[in-house]
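S.K.: Chain C is already provided as a structure; the job is to place chain H on it using the hints.
Single-letter residue listing:
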Amino acid sequence: MVAHRTDDAADFATSLIRAAGPDPSRLLQHLIAIQRRYSFIPPGAVGRLALGLDVTPVQITAAVEFYAFLHAEPRGDYDILFSNNITDHMQGSLTLFEALCVRLGVVPGTPRLDGRVTVDLTSCTGMCDQGPAALVNGLAVTRLNRARVDQIADLVEARTPLGDWPQELFAVADSIRRTDILLSRRETHGAGLRALLDRGVDAALAELERSGLRGRGGAGFSTAAKWRLCRDTPADAHYVVCNADEGEPGTFKDRVLLNAYADQVFEGMTLCAGVLGASQGYLYLRGEYLTLRPRLEAVLERRRQAGLLGQGILGRVGFDFDIEIHLGAGAYVCGEESALIESLEGKRGVTRKRPPFPAASGYLERPTVVDNVETLLASARILAEGAEWFREMGTSQSAGTKLLSVSGDCRAPGIYEYPYGVSVRQVLDDCGATEVQAVQVSGAAGVTLAPGEFDRVLAFEDLPTSGSFMVLDHRRDLLDLVQNFSHFFAHESCGFCTPCRVGSRLLRNLVDKVCAGRAGRYDLAEMRQIGGVMRATSHCGLGHTAPNAVLDTLTKFPEIYERRLRSDDFEPAFDLEGALAEARQLRGGEQQASGDRL
Amino acid sequence: MSLERSFRLDGQEIPFTEGQTLMDAALAAGEYIPHLCHNPALAPHGSCRLCVVGIKGRYVSACTQPAVAGIEVDNSSAELIGYRRALVQMLFVEGNHVCPACEKSGACQLQAVAYYLGMLAPHYTHFFPRRPLDASHPEFFIDHNRCILCELCVRASRDLDGKRVFAIAGRGTGSRLVVNAPSGRLGDSGFAATDRAAHVCPVGAILPKHRGYAVPIGHRLYDQQPISRVGDVAANERDP
Chain C
207 MVAHRTDDAA DFATSLIRAA GPDPSRLLQH LIAIQRRYSF IPPGAVGRLA LGLDVTPVQI
267 TAAVEFYAFL HAEPRGDYDI LFSNNITDHM QGSLTLFEAL CVRLGVVPGT PRLDGRVTVD
327 LTSCTGMCDQ GPAALVNGLA VTRLNRARVD QIADLVEART PLGDWPQELF AVADSIRRTD
387 ILLSRRETHG AGLRALLDRG VDAALAELER SGLRGRGGAG FSTAAKWRLC RDTPADAHYV
447 VCNADEGEPG TFKDRVLLNA YADQVFEGMT LCAGVLGASQ GYLYLRGEYL TLRPRLEAVL
507 ERRRQAGLLG QGILGRVGFD FDIEIHLGAG AYVCGEESAL IESLEGKRGV TRKRPPFPAA
567 SGYLERPTVV DNVETLLASA RILAEGAEWF REMGTSQSAG TKLLSVSGDC RAPGIYEYPY
627 GVSVRQVLDD CGATEVQAVQ VSGAAGVTLA PGEFDRVLAF EDLPTSGSFM VLDHRRDLLD
687 LVQNFSHFFA HESCGFCTPC RVGSRLLRNL VDKVCAGRAG RYDLAEMRQI GGVMRATSHC
747 GLGHTAPNAV LDTLTKFPEI YERRLRSDDF EPAFDLEGAL AEARQLRGGE QQASGDRL
Chain H
122 MSLERSFRLD GQEIPFTEGQ TLMDAALAAG EYIPHLCHNP ALAPHGSCRL CVVGIKGRYV
182 SACTQPAVAG IEVDNSSAEL IGYRRALVQM LFVEGNHVCP ACEKSGACQL QAVAYYLGML
242 APHYTHFFPR RPLDASHPEF FIDHNRCILC ELCVRASRDL DGKRVFAIAG RGTGSRLVVN
302 APSGRLGDSG FAATDRAAHV CPVGAILPKH RGYAVPIGHR LYDQQPISRV GDVAANERDP
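Residue numbers (the working numbering), protein chains in the order written: chain C, 207 to 804; chain H, 122 to 361.
Don't take every hint at face value.
[What the hints assert, rightly or not] Partial chain C-side listing against chain H, Cβ under 7 Å, derived:
1. Thr262
2. Val264
3. Gln265
4. Ala268
5. Phe272
6. Lys559
7. Ser699
8. Gly701
9. Phe702
10. Cys703
11. Pro705
12. Val708
13. Val739
14. Arg741
Bear in mind the hints are in silico, worked out from the structure with no lab data behind them. Glycine included, C-beta positions come from ideal geometry on N, C-alpha and C.
The following block holds chain C by itself, in its conformation from the complex (with noise of 0.2 Å):
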């Protein structure tokens, strides 16, 4: 094996902390930069990361065995990350890893001899619509095909440094298929901000108010709601968060937001401060999305440059505000709001306890607004056009347009605008879905919905929808969506509750064995308790939707299991012919000999 360089890891560590600070909430980042770097932690950064910022190095630990993308041992130099969603199954993405596998000579998960290459399965990395997709060294390739393993494998093998690579492997499309009136258009040129400065800020939530806006990550709370209970919580400091954590399996929306129209999201923060009176900000970015990073950070140096971001904006005495960009590290939970912010601030990203909200004590304690990158995208418009403008789309208790994400069995997959209200049936009519069995509505925390359900509607009044949609046609066995998604939250329960942890592995284990055929009608009783006692119990989201899909499908689509069962009753969970094939396999060629019978 290759010898990784490590020894200045000590002095590297020594460099990120003088650069920074010996600020704890750095934490994370800095052992994103490490990993980068080093392809794992070295304990001589650990030691001195520990010390720098006051951190036990026990600490440090605890968080590189929590993050997908921190490794306390070393990766390949090429360290290469299937997309493991169901929409990349479904475009053959496993056949392609294991012709990868095959064709470096690699254990899946395990670095190559010679630490060259490392190939691996990672949850969905957003890139649905242009599957099978990949990270190489965090960077997303698209589009998987036979010709483009082998051109990886034959880079890999020449040694060739990522910076060489050809770029149209790592071409990520926007496909945007529908606009309406977000995303018509590209730029506002301040003109959100102006509204503000020339209005007041009692009179822009007014505005905000008016328009109805709700969060658009799928909880739908009141925005003006949210952003005047975080400014009336006094407090030395204030904060506005940007969830782009979008690890929802099927969505990519914030993807091209942020790709496309990262000017008015950042405006939308912006503005954000200006009501809170905030002088920080921050886009906590997920680390699928590190490919995004360069040109994000551009668009803030451009409206730096133009009086949009930093001291005195718009010409405005005391209308301080920046925005940080922090990654997140390969961990689905931190999309839930309040383990965003402990991954913020550096720590493992476990869910928090509510009440507080983060509204009252959020980041550092302080109050802190944390929104969706549509929703904030969405503020900056509707400041910018009027509360009318935006009123006038949607549905009574949904105003306004919603982005979907589509992918799975249809022709368009992309990126799709409607105001709120719109049946799932025109959808699948726009996006040339035809032999639809089911469509996964708001992705594995979501819901499954069977054909008599497609003149459902779209709208917090009947499916709130993060915007996750994926469909399946009659070709598909509805089961390996289940399996997909139960072993998705087994892998991305952050531990921290009985129900979800325990529970979790339970329902994953038990749809195992009903897809290997050894499953007894009592199992499906079994996964519908364990379902309910995680649905009720459970600390937070994750929890309380992780057996959705099981519960779902029991009820909707019973024939999909009722075809894998062995029996009407109960069947072990041991295998007792599975536990003795090993010894039968090891007697056989004694049985030969001697005639001897097992």
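M.R.: Frame of chain C; chain H shown alone:
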């Protein structure tokens, strides 16, 4: 006036003062709500979920939920007891809990709560994880097989002892208690027998050495009375 406020727990009036949680108020009133990760000396955590109670059909953890005047709180419905029993069963299959061979048997909160909730068997398929035993410290040992990840030792060491000896690493069922020492072993850490962290474990994960079976089985805390009457084992432990 504010002193007069109360809520109803299974129909019974429970008085509370501003800032108290449902758990605080219930404990003060002598009412038992099952729990494992709660200890009044430490900030509430809400991770074991055993103290879930029903309010208007929703389930919340009593240890983290601020008391509100006039609410009806369900602490005994059949559905609720079923959930709690399932949670205990989950904890039993997640680790390796062999009561007959455990020094803590009879004075173990996990075992006592299981009895209280009418658990007759672990029910779910055991995970049988491989977990280590750390006997490196001269006075105490950690049997990770019995750890239920309640983080009481983590919090006591950090918030009461000012030491930060423990942390939880990993995630999901890969979560594990880790010790702050270069070797990762308790004996090489700053842990002392006099630490509060040494005396808050509700199960048999952190135990003193050299004191095996000082109280015979059958005469232990929960052998005499149910946990609903005598409360937490930590509160009953004599000074070390």
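S.K.: Now tell me if each hint is right for this structure.
M.R.: Quick rundown of the hints versus the structure:
Taking 7 Å as the C-beta contact cut-off toward chain H, the hint placing Thr262 (chain C) at the interface holds, the least distance being around 5 Å. Against a cut-off of 7 Å between C-beta atoms, the interface hint on Val264 (chain C) holds, since the closest Cβ of chain H lies about 4 Å away. The interface hint given for Gln265 (chain C) is met, as the beta carbon of that residue sits about 5 Å from the closest beta carbon of chain H, less than 7 Å. For Ala268 (chain C), the interface hint holds, since its Cβ comes within 7 Å of a Cβ in chain H; the closest pair sits about 4 Å apart.
Proximity of Phe272 (chain C) to chain H holds as hinted, the smallest CB-CB distance being about 5 Å (cut-off 7 Å). With a least beta-carbon distance of about 4 Å to chain H, the hint placing Lys559 (chain C) at the interface is held under the 7 Å criterion. A cut of 7 Å between beta carbons decides the hint on Ser699 (chain C): the least distance to chain H is about 4 Å, and the hint holds. The beta carbon of Gly701 (chain C) comes within 4 Å of a beta carbon in chain H, closer than 7 Å, and the hint placing it at the interface holds.
The restraint placing Phe702 (chain C) at the interface with chain H holds, with a minimum CB-CB distance near 5 Å, inside the 7 Å limit. Interface restraint check: Cys703 (chain C) against chain H, minimum CB-CB distance 5 Å, threshold 7 Å, status holds. The closest approach between the C-beta of Pro705 (chain C) and any C-beta of chain H is roughly 6 Å, which is under the 7 Å cut-off, so the hint is satisfied. Contact between Val708 (chain C) and chain H, as hinted, is supported at the beta carbon level, the nearest pair being about 4 Å apart and thus within 7 Å.
Nearest Cβ of chain H to the Cβ of Val739 (chain C): about 5 Å, under the 7 Å cut. The hint holds. The interface hint given for Arg741 (chain C) is broken, as the beta carbon of that residue sits about 9 Å from the closest beta carbon of chain H, more than 7 Å.
Against the hints set out earlier in the document, a violation occurs for number 14 only.
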